[in-house]
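> Residue numbers (the working numbering), protein chains in the order written: chain A, 2 to 380; chain B, 47 to 326; chain C, 647 to 944.
Don't take each hint at face value.
[Said to hold, decoys possible] Only part of the chain C face toward chain A is listed, based on derived beta-carbon distances under 8 Å:
| no. | residue |
| --- | --- |
| 1 | Glu-839 |
| 2 | Leu-846 |
| 3 | Leu-855 |
In case anyone wonders, no lab produced these hints; they're calculated from the structure.
Just so we're clear, the structure is a prediction, and the values are computed from it rather than from any experiment.
Cβ atoms here follow ideal geometry from the backbone N, Cα and C, with glycine treated the same way.
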Amino acid sequence: MADIDFDGVTKVYGDAHPAVDHLSLHIDDGEFMVLVGPSGCGKTTALRMLAGLEEISSGTLRIGGTVVNNTLPKDRDVAMVFQNYALYPHMSVAQNMGFALKIRGESKREIARKVDDAARILRLTEYLDRRPKALSGGQRQRVAMGRAIVRSPQAFLMDEPLSNLDAKLRVEMRSEIARIQRLLSVATVYVTHDQVEAMTMGDRVAVLRDGQLQQVATPQDIYDRPANEFVAGFMGSPPMNLVPCRLRPGHSRVEVLVADQSFEIPLGYADSHALPEAGADVVLGVRPEDVLIADATGANVLKVRVERVEALGSEALVHLAWGEGGAPVARDARPGSFIAKVGPRVTFSPGDVVSVQVSPEHVHFFDAGSGVSLRAGGR
Amino acid sequence: MAGFLFALPAIALVVGFIGVPIGQAVYYSFTEWNGLTSTWIGASAWTQAFHNSNLWTALQNNALLLLAVPFALGLPLLIAMLLHQRVVGWKIFRSIYFLPTAISWVVLGLVAERFFAYHGTLNSLIHAVGLSHVSTNMLGYESTALTALGITFVFTMIGTNTMLFLTGLATLDPSLEEAARIDGAGRWRIFRSITLPHLSRFIQLAFVMTVIALFSALFSLIFVMTGGGPGYATTTMEFLIYQTGFDQGAFGTAALYGIILFVLTAIVGVVQLRLIGSEE
Amino acid sequence: MTTLATPPHGPEVTPPEAPAGETPASDARRRPARVGRWVLFLVMVLIAIVMLYPFWVMIVTSLKSEAQFLSGGGFSWLSWKNLTATIPVGQEVLSSTIVCTASILIILAVGLPAGFAFAKLRFRASTVVFLIIVSAMMVPLQAILMPEFVNVTRLGLTGGYLGAIVVYAALGTPFSVFLFATYFRGVPDELIEAGIVDGLGYFGALWRLVVPIAIPAIATVTVLQFIQIWDDLLVGLLFIQNTSERPITVGLAVLAAGRTTSIPELMAGSLVSALPAMVVYLVFQRYLVKGLTMGIDR
Ligand SMILES: Nc1ncnc2c1ncn2[C@@H]1O[C@H](COP(=O)(O)OP(=O)(O)OP(=O)(O)O)[C@@H](O)[C@H]1O
Ligand SMILES: [Mg+2]
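My request is simple: use the sequences and hints to build the entire structure.
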């Protein structure tokens, strides 16, 4: 078992824009690292470089302290779980799982023992003699896992291993994979674009965009302290509300101007951010669950209009628009991009004018130009 | 790099035994050559060749045989449509129709010779319908031998082309036909507007394969049925090459004829490559 | 072939019997459909007779003696009894088998790695090289017959089987490369990558993953080439000079062209020669169809 170290690793296809751009990322031995990001951001490419299926254009890649830039895949001792499982169709489940061991020349007895062990962990024992064709999606997925774990490799690499499963199985396998990883305690790099997987499975999450690493942190940190607007907007469902506004510092509080309204934040909270001079433009970020809808007409509230209510059963999403004209002024002007998440039994209906408050301890400020978080101490 | 090594044996085999001989054939077409020694005679080899009436006869025979192509496509198309109706026992009929495909054209040529012979089946059939004073010997006369060869060719192509068209029909979505029927189309309309356009790729492929067979697969038939005769009545390009080279020992001229045949098939080949190209 | 079968549909479904007393109009509308099906069936029987004609000729003629054949009447086993004396069928069938087997083995051994390389590994200019090899499919042997014959003779291969084997292998390779490459493009890259991560080299991936998956494609190439080579005349005629190593098709053709051999015996020989290819064909029909329409039917 070993740790993994990306040190300025870059991948350029042809002479295009780099698919992975100076990626520096350390994965501890036994750690579960989730790589997330939108489609085409370079997750798969990073993983394939780690597996040795793709050449590294520049930078250094180490597994267990050894540079592996030019090591063949078979000598890296990593196991990979593919999105479509890539099970060998002409082999039984047992043969699929034992194949890598057979290639390495392990004895039949040894192979059988390891396959049996893995099958027990994965609850596949009764399917060992079947061909992959005769298995359900979830079972195939477990065989793919089994093929990885029988080898007791230095690292597990998984590329969206759950994306071909239906929603219910996905939830089941999510905790199954996390359980097995903890049991075996092998460094794991897990690629996904599903943020629930990212939030629930990883010890840490690395967010990529356009080949560049945006932030690496524990899932809660990523959620609570996003390093920039992109991470803030990417993680969380629905995503964080981002609203351009202007600051007007008062004596003991900061006044935030949103469109033609304003509200104040006690300085104590604003201290957590290194806010620029008065009059500067910033982007205010508020998670939907930190938007409180109140009937009160008191101070420090924003008057907004209810556009649409989506009841989700356990909660409801209220889409809001600012001001009298009702024109949403949220950053990218998407309709419904300012959302409050409230309890399920709401009594609002579209057209109602309501007052909202944002809980001041949960606001985020980002630089209006670069999108970088203004939180003191950075990431 | 590994990729190149894996492909190398195939490349070597194809280049060594197909590519290089093409170059050699071009070179030797300008020489007088008996297989051992060759003398360069330049362009006059070509002018001489084009003054040889045998070449023109062979080219004309090939051109006339092209008249068989519509039958070699039309009959299989008809048969495939019949099979596609799925009457009782159609699978058995299908196997029977395809069976001659497995037999060598040498054997089919032998049988065809029996069919057209003076005491053969054709005359028995003619007599059976009451024309007892008519007797044919198609392979024996210059005027009819090529027609007999063409008919045999059509018969030999039926299995393969029917197979192609039937595969094509099987890939036709039945709901298209049903939609057309609901729109009020009759059988002929459906065939014209739905079936035929759907089959066009298969018909193109069959056309190319049939023409190529016509240029380069008649050797067996000619060899056993007529030996190119009577006279030169059934000598096609490919048979002319064989005769010129191996009966007359004029290797250089035979190589030259080979180049002409190559160019003719290359024209068809370009059509075929376009076909493959448009698929990818 | 059975894979092509789709359930019957459309106008073929015979309408239920019309109850007695049905209006004449609708009766008249239905009768042609039923009559049509009978006509159709009869036409198909007729075509079947035409297509079976060669077999009928071979069987009936071979069951006559030379004298019976000329006079037209009677049957006897004489031609079959004399067959081996006139035509060394045993030796010739053996020769055909040897030439077919060896050529097909070379075609597979060369075509599988090349198809794999063109589909999955790629290398510089691989697309161009692939197109060149595929276009070699179009080159008829007759076009390059003279140089080919002289080259193979110079290599000293035209005595026995070797020359013919090499030429058949070269002629069959372009098609097999094309077919394998097309087939392998349908195999997901991940499968091979999984093998490589599991510790296989490219050769191991080819031999232990790709070849087992490619069994249907291998069957197609084998069947098509078997029929092609078994039935061929030109190569065997020119590139195998030893008469004792002649394949059966060549033996028959030479006797037939000589016009001195008894026709019933020739027909008996023809039947013997046709049998293996027919058996292969009937057993592996569906692979044949697949091969013919490869690259066009999807
Ligand atoms: N073989 C290749 N040749 C050229 N460009 C490639 C190749 N593979 C990937 N790319 C490019 O590199 C970038 C990153 O691709 P990658 O597959 O790593 O994305 P991803 O994050 O895995 O996306 P997804 O979530 O859709 O799987 C993309 O812009 C893609 O177009
Ligand atoms: Mg990906």
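> Decide, hint by hint, whether the structure agrees.
These are the hints, each one checked on the structure:
no.: 1; hint: Glu-839; verdict: holds, 5 Å
no.: 2; hint: Leu-846; verdict: holds, 6 Å
no.: 3; hint: Leu-855; verdict: holds, 6 Å
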